[in-house]
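S.K.: Chain by chain, the residues run as shown.
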Amino acid sequence: MLRATIKSLLARKLRLLLTALAIVLGVGFVAGTLVLTDTATATFDRLFGDIYAGTDVVVQAHSAFEAGIAEGSGGPTEERNPIPEQVLEQVRGVDGVRGADGDVAGYAQLIDPTTDDTIQNGQAPTLGNSWDPNTTTATLRAGKPPPSSDQVAIDAATAADHHLSIGSRVRVITQAGTSTYTVSGIVGFGDSDNLAGATVTIFDLATAQRLFGREGTLDHIYVVADRGVNDTQLARRIDAVLPKGFEAVTATDVATQQAQNTAQALGFLRTALLVFAFVSLFVGAFIIFNTFNIIVTQRTQELGLYRAIGATSRQVLTSVLIESLVTGLVASAVGLGVGLLLAKGLQGLFSLLGFDLPTTTMQIRPRTVVVSLLVGTAITVVASVAPARRAARVAPIQALRESGIVQSVSVVRRAVTGGLVTATGIGLVLDGLFGGPSNAAAIVGFGAASTFLGAALLSPFVARPLAAWIGAPFRSRTISGKLGRQNAMRNPRRTASTSAALMIGLGLVTFIAVFAASLKASVSAILDETIRADFILTGTQFTPFSSRLAQDLATRPELGAVSPFRQNAAKIAGGVVFLSGVDPATIVRTTNIQMVSGSVASLDNPSTIILSRNVARSHGWQTGDTISVLFNKSGRQTFTIGGVYETNEFLNDYAVSLDAYDRNFTGLLDSIVFVTAADGVRIDRARDAIAAVARNYPNVDVHNQAEFKQQSIDQVNQILVLVFVLLLLAVIISLFGIVNTLSLSIYERVHEIGLLRAVGMSRVQVRRMIRVEAVIIAVLGAVLGIVIGLVFGWVMQRSLSDVGIDRFAVPYGQLVAFILAAAILGVGAAIFPARRAARLDVLAAIAYE
Amino acid sequence: MQTEQRTDVAARAVDLTKQYGSGDARVVALDAVSVEFERAAFTAIMGPSGSGKSTLLHCMAGLDAPTSGTVFIGDIDLTSLSEKQLTLLRREKVGFVFQTFNLVPTLTAAENITLPLDIAGERPETAWFDQVVDTVGLRDRLSHRPSELSGGQQQRVAGARALVSRPEIVYADEPTGNLDSRSGAELLGFLRDAVDEHRQTIVMVTHDPTAAGYADRIVFLADGRIVNEMLEPTAQKVLDRMKSLEE
Numbered sequence: 000m001l002r003a004t005i006k007s008l009l010a011r012k013l014r015l016l017l018t019a020l021a022i023v024l025g026v027g028f029v030a031g032t033l034v035l036t037d038t039a040t041a042t043f044d045r046l047f048g049d050i051y052a053g054t055d056v057v058v059q060a061h062s063a064f065e066a067g068i069a070e071g072s073g074g075p076t077e078e079r080n081p082i083p084e085q086v087l088e089q090v091r092g093v094d095g096v097r098g099a100d101g102d103v104a105g106y107a108q109l110i111d112p113t114t115d116d117t118i119q120n121g122q123a124p125t126l127g128n129s130w131d132p133n134t135t136t137a138t139l140r141a142g143k144p145p146p147s148s149d150q151v152a153i154d155a156a157t158a159a160d161h162h163l164s165i166g167s168r169v170r171v172i173t174q175a176g177t178s179t180y181t182v183s184g185i186v187g188f189g190d191s192d193n194l195a196g197a198t199v200t201i202f203d204l205a206t207a208q209r210l211f212g213r214e215g216t217l218d219h220i221y222v223v224a225d226r227g228v229n230d231t232q233l234a235r236r237i238d239a240v241l242p243k244g245f246e247a248v249t250a251t252d253v254a255t256q257q258a259q260n261t262a263q264a265l266g267f268l269r270t271a272l273l274v275f276a277f278v279s280l281f282v283g284a285f286i287i288f289n290t291f292n293i294i295v296t297q298r299t300q301e302l303g304l305y306r307a308i309g310a311t312s313r314q315v316l317t318s319v320l321i322e323s324l325v326t327g328l329v330a331s332a333v334g335l336g337v338g339l340l341l342a343k344g345l346q347g348l349f350s351l352l353g354f355d356l357p358t359t360t361m362q363i364r365p366r367t368v369v370v371s372l373l374v375g376t377a378i379t380v381v382a383s384v385a386p387a388r389r390a391a392r393v394a395p396i397q398a399l400r401e402s403g404i405v406q407s408v409s410v411v412r413r414a415v416t417g418g419l420v421t422a423t424g425i426g427l428v429l430d431g432l433f434g435g436p437s438n439a440a441a442i443v444g445f446g447a448a449s450t451f452l453g454a455a456l457l458s459p460f461v462a463r464p465l466a467a468w469i470g471a472p473f474r475s476r477t478i479s480g481k482l483g484r485q486n487a488m489r490n491p492r493r494t495a496s497t498s499a500a501l502m503i504g505l506g507l508v509t510f511i512a513v514f515a516a517s518l519k520a521s522v523s524a525i526l527d528e529t530i531r532a533d534f535i536l537t538g539t540q541f542t543p544f545s546s547r548l549a550q551d552l553a554t555r556p557e558l559g560a561v562s563p564f565r566q567n568a569a570k571i572a573g574g575v576v577f578l579s580g581v582d583p584a585t586i587v588r589t590t591n592i593q594m595v596s597g598s599v600a601s602l603d604n605p606s607t608i609i610l611s612r613n614v615a616r617s618h619g620w621q622t623g624d625t626i627s628v629l630f631n632k633s634g635r636q637t638f639t640i641g642g643v644y645e646t647n648e649f650l651n652d653y654a655v656s657l658d659a660y661d662r663n664f665t666g667l668l669d670s671i672v673f674v675t676a677a678d679g680v681r682i683d684r685a686r687d688a689i690a691a692v693a694r695n696y697p698n699v700d701v702h703n704q705a706e707f708k709q710q711s712i713d714q715v716n717q718i719l720v721l722v723f724v725l726l727l728l729a730v731i732i733s734l735f736g737i738v739n740t741l742s743l744s745i746y747e748r749v750h751e752i753g754l755l756r757a758v759g760m761s762r763v764q765v766r767r768m769i770r771v772e773a774v775i776i777a778v779l780g781a782v783l784g785i786v787i788g789l790v791f792g793w794v795m796q797r798s799l800s801d802v803g804i805d806r807f808a809v810p811y812g813q814l815v816a817f818i819l820a821a822a823i824l825g826v827g828a829a830i831f832p833a834r835r836a837a838r839l840d841v842l843a844a845i846a847y848e
Numbered sequence: 000m001q002t003e004q005r006t007d008v009a010a011r012a013v014d015l016t017k018q019y020g021s022g023d024a025r026v027v028a029l030d031a032v033s034v035e036f037e038r039a040a041f042t043a044i045m046g047p048s049g050s051g052k053s054t055l056l057h058c059m060a061g062l063d064a065p066t067s068g069t070v071f072i073g074d075i076d077l078t079s080l081s082e083k084q085l086t087l088l089r090r091e092k093v094g095f096v097f098q099t100f101n102l103v104p105t106l107t108a109a110e111n112i113t114l115p116l117d118i119a120g121e122r123p124e125t126a127w128f129d130q131v132v133d134t135v136g137l138r139d140r141l142s143h144r145p146s147e148l149s150g151g152q153q154q155r156v157a158g159a160r161a162l163v164s165r166p167e168i169v170y171a172d173e174p175t176g177n178l179d180s181r182s183g184a185e186l187l188g189f190l191r192d193a194v195d196e197h198r199q200t201i202v203m204v205t206h207d208p209t210a211a212g213y214a215d216r217i218v219f220l221a222d223g224r225i226v227n228e229m230l231e232p233t234a235q236k237v238l239d240r241m242k243s244l245e246e
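Protein chains in written order, with numbering that gives the first Met the number 0: chain A, 0 to 848; chain B, 0 to 246.
It is worth saying that the hints were derived from the structure and are not from the lab. A couple of the hints might just be wrong.
As the list claims (entries may be wrong) - Lysine to aspartate or glutamate pairs mimicking EDC-like chemistry, simulated, CA-CA at most 20 Å apart:
hint	chain 1	residue 1	chain 2	residue 2
1	B	Lys83	A	Glu84
2	A	Lys632	A	Asp37
3	B	Lys242	B	Glu231
4	A	Lys481	B	Glu121
5	A	Lys481	B	Asp117
6	A	Lys632	A	Glu246
7	A	Lys343	A	Asp603
8	A	Lys708	A	Asp533
9	B	Lys83	B	Asp63
Stated by the list, open to error - What follows is a list of derived Cβ distance ranges for each label pair:
hint	chain 1	residue 1	chain 2	residue 2	range
10	B	Arg25	A	Gly336	24 to 30 Å
11	A	Trp468	B	Lys83	32 to 38 Å
12	A	Val410	B	Asp7	30 to 36 Å
13	A	Pro472	B	Asp7	41 to 47 Å
14	A	Thr416	B	Asp129	35 to 41 Å
15	B	Ala234	A	Ile308	37 to 43 Å
16	B	Asp7	A	Arg834	39 to 45 Å
Heads up, the beta-carbon is just placed ideally off N, CA and C, and yes, glycines get one too.
Chain A with its partners taken away, still in its complex shape (with noise of 0.2 Å):
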């Protein structure tokens, strides 16, 4: 029986072929995405051991809380208390030390020379260093150290990108203003030309100190030991002579910590990008069955003739089996190699997106190999046991018959098994988003999939209205189209396992579409009645940027309200959460607040925090309690709540005055500067005004109300592009489904091809009737996947409805296009079946000897 299997599978190389290839390119997805990651992490792990590969141990303040990894965000991401600098004395004194520097750093904006725009990889830092002359935590390639304060020395990286070697002169914009320096020296960190993908400027330190606000003052102490001297012990050593507030730990420690977040921040990115991986290993799944079930149909006469000479139905049942391991194991096998290539592919879709993810060397472990093996073989295997079970029904007398296997499963069963399947998996994503399960995220993603689970069970019933529906332009016109359409209707079941993975992709496209234009109409709503400004200013980018800017801007007398905005992270209520920082005498004429109880101007009191509606309703605070918050800088402070007011896109939870802010935070930069023309001012002239500003600010880009808004679509727009690559794949391999599909159908139809052939059908003909059977089925799952993903959009967009997306939208033209495409896609899938049944010998079409 064994060999018979395996006959079996190399008689049809090319069937194997094409059902594998669903396998190869999910398994690839997850290779890909594990090598991928696998390899940044390996990256990020490598260079912090090289950026503190000099030092032995680092003096730091305590930290109250790990602000953890914030979003785009231009400057070190830790909040710490500045170190005096007094203490880098009390440091080289203690016995061991060999040498120890202050270090300060801050967000430093290079500007290239020869085009004028601002140096930056992608969303990556811009980072503005002092020179560690001792610790050397970025290595001279050539040059020297910045010597005086109008020199630096720059990264590598953006040395070769934008043709800077020692001498060149580049602005360098830091929170104090831009400034033009001479290129000192160019440096390197290990082997990385920069780190990360961030710039990096050094000064030295007491330039630094003064750009980046940190007068007297240190951010961190690199201490390197004598020879001989334990890292631990020195540490502890270090630690005794430390004023309070601060730490002395091993750099090693050091390194580790950073790389432990840079993995977490990479878990994140692996999952999603498993996510999609494993939508394309689902399709694939739909892919594996049909075929099998489709093979399994046509080989009734052969396994009937094994029943026939002895099989048992175990043995029919174990051969198929073995036929889809076999099949599952070669095609995971060979997705490996597939996903080391997709790794390079996803790479270099992020960094097109401008999310740089630095690689060395392929890092392929062993857990990937394993994990990508037992996931694709699991897969097939699972997929071809419904059909290995239908084979093991085959009856020893069909041996003699010719047609195929009689549907054995009843329409009721069917109905309600799909009806069961349909509704759990609603159930399951309804709970999920309103019930506010604790791993809701897994429950969502269960539920869907088992909803499309159950419409694929369900769909054979409409596939045939369907198909005729869809099909209905080409009934009457010509013979090709007839046929195609009657081809497309006459196997419901088969016509919808096909255009089922179609649908499950469409499915998906259409959920992220529909969500999207949601997001964007609430947030075009939004803005509309949020911003009174004339004007917003935001970094490219947004990365703050800075505060001399809105100060510059307050001196011209052709602009009315100028109003700096800011944001950090503070601990409330044993939460992190973003802290606004406004001024309350401008930000009324820039924004709209809708206060619920309370006033913005109760924030000129400096211990007053007004609140979101959401945080008071969760915490049950009213205006007038006192709350507590923890700063980094300044420890815990107690504020009275002066307002609540109702959901705000800008301030988010909480917010304080500028003045409240300075005094509990170190970084002083802008995220926005909201601002208005001055009355009776024209505003082609404030903008006039504004520009002449911001000239000194290339990192700051200036936008009208909306300007600001299409940036904001921009940005969900390109978040959507790159969930529509992502999702590329499921859909490609849906595609597959359907040229196997089709091949296998007409494999069935030799005879009748052939009939049609020697009556006189031309190739042109019968290639157009696959077509059109390729594109009914296409544009069949593309319909069906639409109306899921319509339904999926609007449960999503219900259930956000109270965090700002309060608005559904269906982009019209793109669900027309979606369909478009789906036939188009269907064209494409019919090119190898339309050739081969073209190609098709009548004569041996037509022979029954």
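Since the structure of chain A is already known, use the hints to place chain B on it.
M.R.: Relative to the frame of chain A, chain B by itself:
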């Protein structure tokens, strides 16, 4: 005029040779066969298995390309035609009835009958369509699909399809091979009527003497050559002749 047409030739083969394989594995299926099929006549081709009768039919219908020699339908030399032209020729000038797989399962009987016209994008002549349908006696079965028809009915639908485009010649390859004797007789009667009443030309391959008895003329084939002919045959005469040929 009448007599002229009777002697007119609908299709002919000249020195038609068909070989398969080469060297030691070479099989000569047709060995320089020359034959003419008269217009408005019912010709049967008989011979034992492997005699080349199906190959002859396929070559003369433009389904298979001969190794050498020429084939004409009317004045058209089939061996000079491209694949595309052959397809058009089959569509317009040839009708087919096969042993099995004669009908497209997704089409109704009526749609199967008009299939060659639909392929050509032409409308059927209503009068002629009605006449053909009535001759095969399928008026009440027109909206049925093949799976709802008996074997005999299916073959009659195939016969009607072969005639509906008024082809130069109809080739029937063992059309009664899968039928019981009554259904077979019905089909053969229909083919006979098509020749007698509608002046159609029919060439039928068969190994059934009874079927051959319906023909005007029988061509006997053995080992790729025409070995004998018989005019106005009856089943008994055919049986006798076959016996003598086997000896």
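S.K.: Taking the earlier hints as the rules, which of them does this structure contradict?
M.R.: As far as the earlier hints go, 1, 2, 7, 10, 12, 14 are violated by this structure, in ascending order.
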